[in-house]
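Engineer: For chain A, the structure is supplied; the task is to place chain B on it using the hints.
As they're listed, the protein sequences go chains A and B. Residues 1 to 462 (our numbering) are what the first sequence spells out, left to right. Residues 1 to 246 (our numbering) are what the second sequence spells out, left to right.
Hint data in this document are derived by calculation from the structure and do not stem from the laboratory. Incorrect hints may have been included.
Unchecked claim - Heads up, simulated SDA-like pairs for lysine to any residue below, C-alpha to C-alpha not over 25 Å straight-line:
1. A:K189 / A:D74
2. B:K181 / A:E188
3. A:K28 / B:K181
4. A:K189 / A:Q109
5. A:K202 / B:L25
What the hints assert, rightly or not - Far from chain B, by Cβ distances over 12 Å, these chain A residues were calculated:
6. F104
7. E112
8. L182
9. I183
10. E188
11. L196
12. L220
13. D222
14. S238
15. S240
16. L261
17. P414
To be verified - Derived list of chain A stretches under chain B, where covered just means 3 residues or more per stretch with a C-beta under 8 Å from a C-beta of chain B:
18. 51-62
19. 77-91
20. 329-338
21. 342-353
From the three backbone atoms N, C-alpha and C, an ideal C-beta is built for every residue, glycine too.
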Amino acid sequence: MTKAAAKEKKEKKSGSPAAAGPRKLEVKHLTRVEGHGNIIVKLDAKNHVQDCRWEIVEAPRFFEAMVQGRPYEDIHHIVSRICGICSIGHQLCSIQATEDAFGFNASEQTLELRKLALHAENLQSHLLHIGYLVLPDLLGVDSVLPLAQTHREELLNLVACRRVANEFSRLICGRTTHPQRLIPGGMEKIPTRAELQELQSKLEGSLSRMDRIVDLFAALADKWPDFKRPTEYVALVSPSEYALYSGEIGSSSDINRPASLYRQVTNEYCVPQSTAKWAKNTGESYMVGALARFNLNHRLLKPGARQAAQKLGLKAPEHNPYLNTVAQLVECVHSTEDSLEIIAGLLARGLKHETPPTIRVKAGKGVGAVEVPRGILIHSYEYSDEGRIISADCVIPTNQNHGNIQMDMDALKPMLSGLEPEAIELKLSMLVRGYDPCISCSTHLLDVSGTPARKLVKFVRV
Amino acid sequence: MPAKPKVAFFDFAGCEGDQLQVANLEERLLDLASHIDIVRFREIKSIKQDNYDIAFVEGSITRPEDEPRIREIRDRATILVALGACATIGGINCLKNFLSESEYRATVYGQFSRWYSTYAARPLSAVVRVDMDIHGCPVDRDEFARAVKELLLGKIYSPPDYPVCVECKMAGNICRYEQGKLCLGIVTRAGCKACCVSEGSVCWGCRGPAPDANMDAAGQIMDSHGFSWLDAQDHLRLYFGFNSRL
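Just chain B, with the same shape it has in the complex:
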């Protein structure tokens, strides 16, 4: 990796919230930009170059024509980073994978649905090799800055492999199960500092399952707190849809 690596940003199907989080670094973005050479960032920059060392890619692959594009990005980049839930785990886009294709096409575009191409949403890793994941919906700004720093030092950032519960305890939150709410912190990969629970909500699972998450034990906890399989499934399908059997 050169001393001042060339960095490019790309997006597929998604809300561009992760790139927005990068723009939201405000003054720190200007700092960061002095250590890297941003050659492509459509959301904030017009000139585009095709020689880059690091590619940050946001969004899911949702149609056949996305595949050659992501393969080309993969070929050109030394390091490919999946940015945010849509890219790392398929994200909320995978909700449509549980519907029949003809039905969701017809629901949205009616008789014109054949004009538009689409298939089941999938994360980048289902199509190309990914070197590094930055999880979250959206990504956490601090985690992004840290991951970039590590890349500049020649390391690959590895996100925590324990569940959100660990960080939630450290944040001093009351367990949502004690409040009668269904929460996925017990099986979701940490790294967000339990930001949703700390803001009064529950963990929605946007960082995907922790590598060794014990889904059976999670099922027992949900069961013992009176949640039905339907409740659990509603929640799990929001973000765990792509590679969990739900």
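With the rest of the complex left out, here is chain A:
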């Protein structure tokens, strides 16, 4: 913490109120999140919060420019490098957009395997967040590592569930991070019957282990800050299932729209305090992620997941953003149950070795939308008639949440006032962490305000 000079009166154009409080609380490079974000709080002499600001300081990476001119076979490989944690989701979204652009429909079996891939990723990412990133806050320690001494059994239980989730990802996709098997058109390789059967019994084991995680979090229910701020919730919706791989873009305060009209919902804009763009729809901001999905789709959860929600005291509509983590835990149970159903179906029908069909390349536009751990992810591509990308737009869940995080911080101000700086820092850090932000994902977004030049980018060819 540094003592801010009283001279610091200059107000920035960004609209932050002039608050020359005598103290500035800075959380530089917030920990236990993916990527680089800062929380800046201005306090007066009595620790009253004058201003809180959520800043994104990650280096911009320019993926939408990097894919321009590249052939369609490489795109899912490149965009998976946007994020190590949701690389499966980026690949699937990219593949959807590419297949949509070329008017290609994947086989039934491929679709089932892709749904499994999304469940696997949700499980491994959610468990990482719930157990490694958030649980230390609830238990008052700085990381998961000391829990090896104090909460050994609970920790090993969590780690065991997470290991199964990682093995699940590996089995379906080839690797947990930046997988190799998913491609436009189908799968490079599929699991064997025996492997799926083994996975089945491991997932059943996970289901009972998850009961214990649910109990653990139910016992910690009083550790969540008591804070509510109703906002707009946006997620994929489908009449037939708890939508993850396909559906329309739904909202708690707006009509459903097909994915191709995503820009009507996301309405991105730039702010100087962030290398990521922000988004808003009907209100000042909206929220995506597990809590948004739970609020919109809770009726379609599997029975075990519904029971877990009840035990955890989560009831739709839930307006406490801190409880996003609890919604993730409910989703873990759901994903395990749904995966077991899909696997049973695949085993009953028998796995077929399908050679990925050749995709007929043509000029066109395509949009992909999937639910990834942190919320709805959209990729939109325009291809040339040679199957090379003319323009790309990736709208990342965390970027849609940035505005909502800032609004939550503003609403939290009265609750924080007068608290010790450490307590203020913890409450704000927990809020941001609750969103499970994926900051390096969110720092590259297409400008939609100008007229995009319709041309292939000129590679400097020699």
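Structural biologist: Just chain B now, with coordinates in the frame of chain A:
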């Protein structure tokens, strides 16, 4: 190096997939943590200390303000380890080096592009001295564990200097050229056990060129299998972009 060295993790422009691979060691991470003292690991730990012996650094240097930060890390650490393709060879970030800066800025941020700083992506070794490389996109968990073990024994891990083809043969894969596909296993540094080819894909070259890779011979192989220079260049630029003349 002390018996229980202090270890710190840092990240620059990248996807943090390599640190995730470390977290993904699951139970083995707890074992490992009993032999080292992790003083800084932003992705999983809140308390940060600035005295460390070993620094693992992920990500590429992509803007001027990254340089003082990496220099400071270099100054404090006895051993600096580049973790993953972005840190060792510049990684996929170097794709933008083939575009004009004004164009990629404008493409992504439009009229607001001047708010954000950026320059050509480069590996850590382009800015500071690096003591050890752990290659891959992402790094291989087993290789990471092995490299750390060697460090604890006072050695510097040196990755294989032969190409992926060697490991690919041992894995029993059919050569991708025989299947009409373009594969960079012939020139890429081994150490991944040809994991992508074994999963049905091709080698994308994420571990960078093997030290003595014969690029001319590789060109002949690609040529004789009917691939154009454009095909080869598309593929080579994914990961070989920083220090190969492409």
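Engineer: Verify this for me: three or more residues of the region 51-62 of chain A with a beta carbon less than 8 Å from a beta carbon of chain B.
Structural biologist: holds (count 5)
Engineer: Compute the least Cβ-Cβ separation between A:E112 and chain B, then decide whether it is above 12 Å.
Structural biologist: holds (18 Å)
Engineer: Are the Cα atoms of A:K202 and B:L25 separated by 25 Å or less?
Structural biologist: Between A:K202 and B:L25 the Cα gap is close to 18 Å, so the pair holds against 25 Å.
Engineer: For the region 342-353 of chain A, count the residues whose Cβ lies under 8 Å from any Cβ of chain B; is that count three or more?
Structural biologist: violated (count 0)
Engineer: Is it the case that A:S240 keeps its Cβ farther than 12 Å from each residue Cβ in chain B?
Structural biologist: holds (31 Å)
Engineer: Going straight from one Cα to the other, do A:K189 and A:Q109 come out at no more than 25 Å?
Structural biologist: Since the Cα atoms of A:K189 and A:Q109 sit roughly 12 Å apart, the hinted pair holds (cutoff 25 Å).
Engineer: Against chain B, does A:L261 keep a CB gap of more than 12 Å to every residue?
Structural biologist: Non-interface label stands for A:L261: nearest chain B Cβ at 21 Å, farther than 12 Å.
Engineer: A:F104: least C-beta distance to chain B exceeds 12 Å?
Structural biologist: holds (19 Å)
Engineer: Checking the smallest CB distance to chain B, is A:L196 really beyond 12 Å?
Structural biologist: holds (17 Å)
Engineer: Is the nearest CB of chain B more than 12 Å from the CB of A:S238?
Structural biologist: Non-interface label stands for A:S238: nearest chain B Cβ at 29 Å, farther than 12 Å.
Engineer: Checking the smallest CB distance to chain B, is A:E188 really beyond 12 Å?
Structural biologist: violated (3 Å)
Engineer: Please check whether the beta-carbon of A:L182 is more than 12 Å away from every beta-carbon in chain B.
Structural biologist: violated (10 Å)
Of the numbered hints listed earlier, those contradicted by the structure are 3, 8, 9, 10, 20 and 21.
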